[in-house]
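Protein sequence lines, in the order shown, are assigned to chains Y and P.
Residues 5 to 510 (the working numbering) are what the first sequence spells out, left to right.
Residues 5 to 510 (the working numbering) are what the second sequence spells out, left to right.
Any given hint might turn out to be false.
What the hints assert, rightly or not - Each computed DSSO-like pair below joins lysine-lysine, with the alpha-carbon atoms no more than 27 Å apart:
| # | chain 1 | residue 1 | chain 2 | residue 2 |
| --- | --- | --- | --- | --- |
| 1 | Y | Lys486 | P | Lys43 |
| 2 | P | Lys292 | Y | Lys30 |
| 3 | Y | Lys435 | P | Lys30 |
| 4 | P | Lys101 | Y | Lys300 |
Note that these hints are calculated values from the structure, not bench results.
All values reported here derive from a predicted model rather than from experimental measurement.
2 protein chains.
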Amino acid sequence: MMEFKVQQLQIKAGKYKVVLNPEDAKEIGVRAGDRVQIKDHSYLTAIAEIGDMISKGNVGVYQDICVKLGAECPLTVDIVPTSRPSSVGFIKKMMDKQKLTQEEIHQVIQDIVKENLTDIELAAFVTSSYIHGMSNDEIEWMTRAMIDTGEKIEFDTHPIMDKHSIGGVPGNKISLLVVPIIAANGLLIPKTSSRAITGAAGTADLMEILAPVAFSAEEIKTMTEKVGGVIVWGGATNIAPADDKLIRAEYPLSIDPRCQLLASIMAKKGAVGADCVVIDIPVGAGTKVHTMEDGKKLGRDLIDLGERLGMNVECAMTYGASPVGRTIGPAVEVREALKVLETTQGPNSLIEKSTALAGILLEMGGAAPKGGGKAMAVETLRSGKALLKLKEIIEAQGGDPKISYKDINPGEHRGELLSPADGYVIEFDNKRIVEIARIAGAPIDSGAGVWIHRKKGEQVKKGEPLITIFSDKSWKLTKAIKTAEKDYPIIVEGMLLERVRPFRVL
Amino acid sequence: MMEFKVQQLQIKAGKYKVVLNPEDAKEIGVRAGDRVQIKDHSYLTAIAEIGDMISKGNVGVYQDICVKLGAECPLTVDIVPTSRPSSVGFIKKMMDKQKLTQEEIHQVIQDIVKENLTDIELAAFVTSSYIHGMSNDEIEWMTRAMIDTGEKIEFDTHPIMDKHSIGGVPGNKISLLVVPIIAANGLLIPKTSSRAITGAAGTADLMEILAPVAFSAEEIKTMTEKVGGVIVWGGATNIAPADDKLIRAEYPLSIDPRCQLLASIMAKKGAVGADCVVIDIPVGAGTKVHTMEDGKKLGRDLIDLGERLGMNVECAMTYGASPVGRTIGPAVEVREALKVLETTQGPNSLIEKSTALAGILLEMGGAAPKGGGKAMAVETLRSGKALLKLKEIIEAQGGDPKISYKDINPGEHRGELLSPADGYVIEFDNKRIVEIARIAGAPIDSGAGVWIHRKKGEQVKKGEPLITIFSDKSWKLTKAIKTAEKDYPIIVEGMLLERVRPFRVL
Numbered sequence: 005m006m007e008f009k010v011q012q013l014q015i016k017a018g019k020y021k022v023v024l025n026p027e028d029a030k031e032i033g034v035r036a037g038d039r040v041q042i043k044d045h046s047y048l049t050a051i052a053e054i055g056d057m058i059s060k061g062n063v064g065v066y067q068d069i070c071v072k073l074g075a076e077c078p079l080t081v082d083i084v085p086t087s088r089p090s091s092v093g094f095i096k097k098m099m100d101k102q103k104l105t106q107e108e109i110h111q112v113i114q115d116i117v118k119e120n121l122t123d124i125e126l127a128a129f130v131t132s133s134y135i136h137g138m139s140n141d142e143i144e145w146m147t148r149a150m151i152d153t154g155e156k157i158e159f160d161t162h163p164i165m166d167k168h169s170i171g172g173v174p175g176n177k178i179s180l181l182v183v184p185i186i187a188a189n190g191l192l193i194p195k196t197s198s199r200a201i202t203g204a205a206g207t208a209d210l211m212e213i214l215a216p217v218a219f220s221a222e223e224i225k226t227m228t229e230k231v232g233g234v235i236v237w238g239g240a241t242n243i244a245p246a247d248d249k250l251i252r253a254e255y256p257l258s259i260d261p262r263c264q265l266l267a268s269i270m271a272k273k274g275a276v277g278a279d280c281v282v283i284d285i286p287v288g289a290g291t292k293v294h295t296m297e298d299g300k301k302l303g304r305d306l307i308d309l310g311e312r313l314g315m316n317v318e319c320a321m322t323y324g325a326s327p328v329g330r331t332i333g334p335a336v337e338v339r340e341a342l343k344v345l346e347t348t349q350g351p352n353s354l355i356e357k358s359t360a361l362a363g364i365l366l367e368m369g370g371a372a373p374k375g376g377g378k379a380m381a382v383e384t385l386r387s388g389k390a391l392l393k394l395k396e397i398i399e400a401q402g403g404d405p406k407i408s409y410k411d412i413n414p415g416e417h418r419g420e421l422l423s424p425a426d427g428y429v430i431e432f433d434n435k436r437i438v439e440i441a442r443i444a445g446a447p448i449d450s451g452a453g454v455w456i457h458r459k460k461g462e463q464v465k466k467g468e469p470l471i472t473i474f475s476d477k478s479w480k481l482t483k484a485i486k487t488a489e490k491d492y493p494i495i496v497e498g499m500l501l502e503r504v505r506p507f508r509v510l
Numbered sequence: 005m006m007e008f009k010v011q012q013l014q015i016k017a018g019k020y021k022v023v024l025n026p027e028d029a030k031e032i033g034v035r036a037g038d039r040v041q042i043k044d045h046s047y048l049t050a051i052a053e054i055g056d057m058i059s060k061g062n063v064g065v066y067q068d069i070c071v072k073l074g075a076e077c078p079l080t081v082d083i084v085p086t087s088r089p090s091s092v093g094f095i096k097k098m099m100d101k102q103k104l105t106q107e108e109i110h111q112v113i114q115d116i117v118k119e120n121l122t123d124i125e126l127a128a129f130v131t132s133s134y135i136h137g138m139s140n141d142e143i144e145w146m147t148r149a150m151i152d153t154g155e156k157i158e159f160d161t162h163p164i165m166d167k168h169s170i171g172g173v174p175g176n177k178i179s180l181l182v183v184p185i186i187a188a189n190g191l192l193i194p195k196t197s198s199r200a201i202t203g204a205a206g207t208a209d210l211m212e213i214l215a216p217v218a219f220s221a222e223e224i225k226t227m228t229e230k231v232g233g234v235i236v237w238g239g240a241t242n243i244a245p246a247d248d249k250l251i252r253a254e255y256p257l258s259i260d261p262r263c264q265l266l267a268s269i270m271a272k273k274g275a276v277g278a279d280c281v282v283i284d285i286p287v288g289a290g291t292k293v294h295t296m297e298d299g300k301k302l303g304r305d306l307i308d309l310g311e312r313l314g315m316n317v318e319c320a321m322t323y324g325a326s327p328v329g330r331t332i333g334p335a336v337e338v339r340e341a342l343k344v345l346e347t348t349q350g351p352n353s354l355i356e357k358s359t360a361l362a363g364i365l366l367e368m369g370g371a372a373p374k375g376g377g378k379a380m381a382v383e384t385l386r387s388g389k390a391l392l393k394l395k396e397i398i399e400a401q402g403g404d405p406k407i408s409y410k411d412i413n414p415g416e417h418r419g420e421l422l423s424p425a426d427g428y429v430i431e432f433d434n435k436r437i438v439e440i441a442r443i444a445g446a447p448i449d450s451g452a453g454v455w456i457h458r459k460k461g462e463q464v465k466k467g468e469p470l471i472t473i474f475s476d477k478s479w480k481l482t483k484a485i486k487t488a489e490k491d492y493p494i495i496v497e498g499m500l501l502e503r504v505r506p507f508r509v510l
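Just chain Y, with the same shape it has in the complex (with noise of 0.2 Å):
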């Protein structure tokens, strides 16, 4: 044991890390990534980094360390090696392609959850379930882990619905149909969600226009039993930590393995206690499943896990190819959706999806006969009781009920993309609109986005606008144009492709 002067770094690390000299380290028999425990009045586990910027006989501390010693930070503590989690073996057999017992898996979620875990050992976890994958008794067992190491709600009631759609497919704003569909039938639905991250707005981006969203599980719970549903980001409650924490190592690669795909679905709606569920899988060129028999497959893994962690799971594959409605970005969406509550008019392509995934969850929640869901459905929507429901959801999270389609305005600098021949529209390249809508600014720009004037099949004349896009400011508006026409998303039957400058400037 080896006693070290504290010097501390004005820096959070996110986890318990602390610096030793070189010297010191050797001194000790530390080298970076080792564990050392700190002790001061307690013992305190942490990552050992070794940088010459620390002299030696001091320890650099970051500043997660000084918080977790207490209110003023000790001048020195002592230090000794100790051995690595568990976890960081376990994850060695899994790179040995070697199965691993619940107990293993376990304590691999809890480490990570917890931060024990550097990044080099995180990689190496995803890495390895990427390339070998995992059997089902892993993928349930990682499933309850990550249930397990987080906040869960349970309801007195039940049945408890839920829905969750795979993504992949731009403008999908059905959420803010489908749960005031099954509230107002009288069905239980507290539906978490998610912030975009490669997309243009995610549900929660939507329905923050409306309310707030960020909430605890025990808020949640009460609210959803006053109203019948919320909805609410996922990402402000401690509901399945471990998918966040993934989702850190495997951004940067750019995977998504297949085994923690399923557990973090899962593992969302097994902690908010849902009985039911309804999952979207859009399929076609440009979402996560490219092929029938791709989706089929998720489908089926979905309900066996479902099955195994006590959950009725029901899957729909959806027409993913093109925009569902006409518009990308959070305020355009809002907008769109909230008129089609209010005039049960707009794109059928939301209305039929959002009543026909509604649908399915209002029979297996018992409320609609089978075969009549759809029917419910749509009754919900064109009777106004959807929109009411809505309105309740929306004062219950603390938003304005009396809010309107038309108070929602897109961003006041706007482009639009002019056709520059008569013809059809042949090609729509989703993701370079879902680009577009980014450049101009969302998802954190409320008013940026995309609004579609014609989609992939549809005619135009020469100089009618394809797309009209949105901004909160102006050089961004100037980006996304200019990215819009060096490589054009929108190409209509036709049109030359060399020297056409279509955007006017509104």
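Fit chain P to the supplied structure of chain Y, relying on the hints for placement.
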């Protein structure tokens, strides 16, 4: 492009890293691990971290960046998101079990050397290469990339001889004999070596007792041309720098991917311009190679890779289940080796192994006729020429050539492990002996180590010493003795395993 106020972080990151406030990061569309371009007078690409200890509008800048940007860190910088290095995509390809091209592998290795990759990306690379392995082409290309991304030595005279040991056997001080034997016979042998990582003493740790070991590539060349050989620390040069950086990610995962083991060895030989290389493959329990079969396979791989690189490689499988000689730890090992050179008396295992390997090199280099290498090596040792040559090498490296083995004193704090019974040594745990030497202070405390009185199979009488532990510090001796007592490293047939207190502190 957004302008940020620079907030200097008093920490070296070892790579170019900045910290952004979460809201700013969202605003410019950057997530943790993404790359940003920092624009002051010139551009610099950095890895973005996200942390709320940085206020909005500020950017936390690690010291490395300030150093790079100039004498004075600028007060503000412009920051724009930029794409990840292309090698991240190549790593993804590896994860997907696709083969890489020579250019792609070069790019990955170059980015590793330049510290352009995050820990997550680096770990994905080593994990993938551990799981999938690499083709022979890929291994060749990686080796070439490791050579080309570092310093190289080019000699005017040839052949250049070299020697390497796969490691894993304690007490392997043979380079102290092999190098002078080769150089004494007119061949050039610029031996770079490493310090102990998990062992008790690397060759560099040993040589450092006799002379300085940190030299530049240029100095290595000059000294080798002058006296025929050197024994230096590779870590002080910039030879194959990728190796250390890969080890940084492999060590915490306890992996040593075969492809990187091969590339690492051969890159270091290629970079010093070696023409003829003998590789010592210790085989047996406790070493890295457990069976003769595995040893032959490894040998073939090394020979093939050598051929691809234009190097003549021979491999010698050696007995690795027992230590070489009777000493483990810097001072005791040097004392033992020097005594052999001065008196030609000493442990058979040390003399036999050194002259056998030196003999192979003498034949490869054409100094000895085929079949006559071993005899020439023995004669070089017996005649005192090897000793004279080592003294020349010591002097060339700046040490005292008048040193004798009698001058080298192991640590003053000593304890003996006594045999609790009459009988034969039936168990001798190499790894535990190394651990005891390390706890006693090796390799950092040069006087620390273990002297082995009885090896496996040897007879001992009750009360006779089995090993002597040396230490420079009494508290480390105490700790080493406690460890040895807790879990006994040597078992004498018939001894009582309980309630023995066999240590005598001298």
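Hint check:
Restraint check: the Cα-Cα separation between Lys486(Y) and Lys43(P) comes to about 22 Å, which is no more than 27 Å; the hinted pair holds. Between the alpha carbons of Lys292(P) and Lys30(Y) the distance comes to roughly 24 Å, so the proposed pair stays at or under 27 Å and holds. For the given pair, Lys435(Y) sits about 19 Å from Lys30(P) by alpha-carbon distance, which is consistent with the 27 Å threshold. Simply put, Lys101(P) and Lys300(Y) have alpha-carbon atoms about 25 Å apart, close enough for the 27 Å limit, and the pair holds.
Of the numbered hints given earlier, the model fails none.
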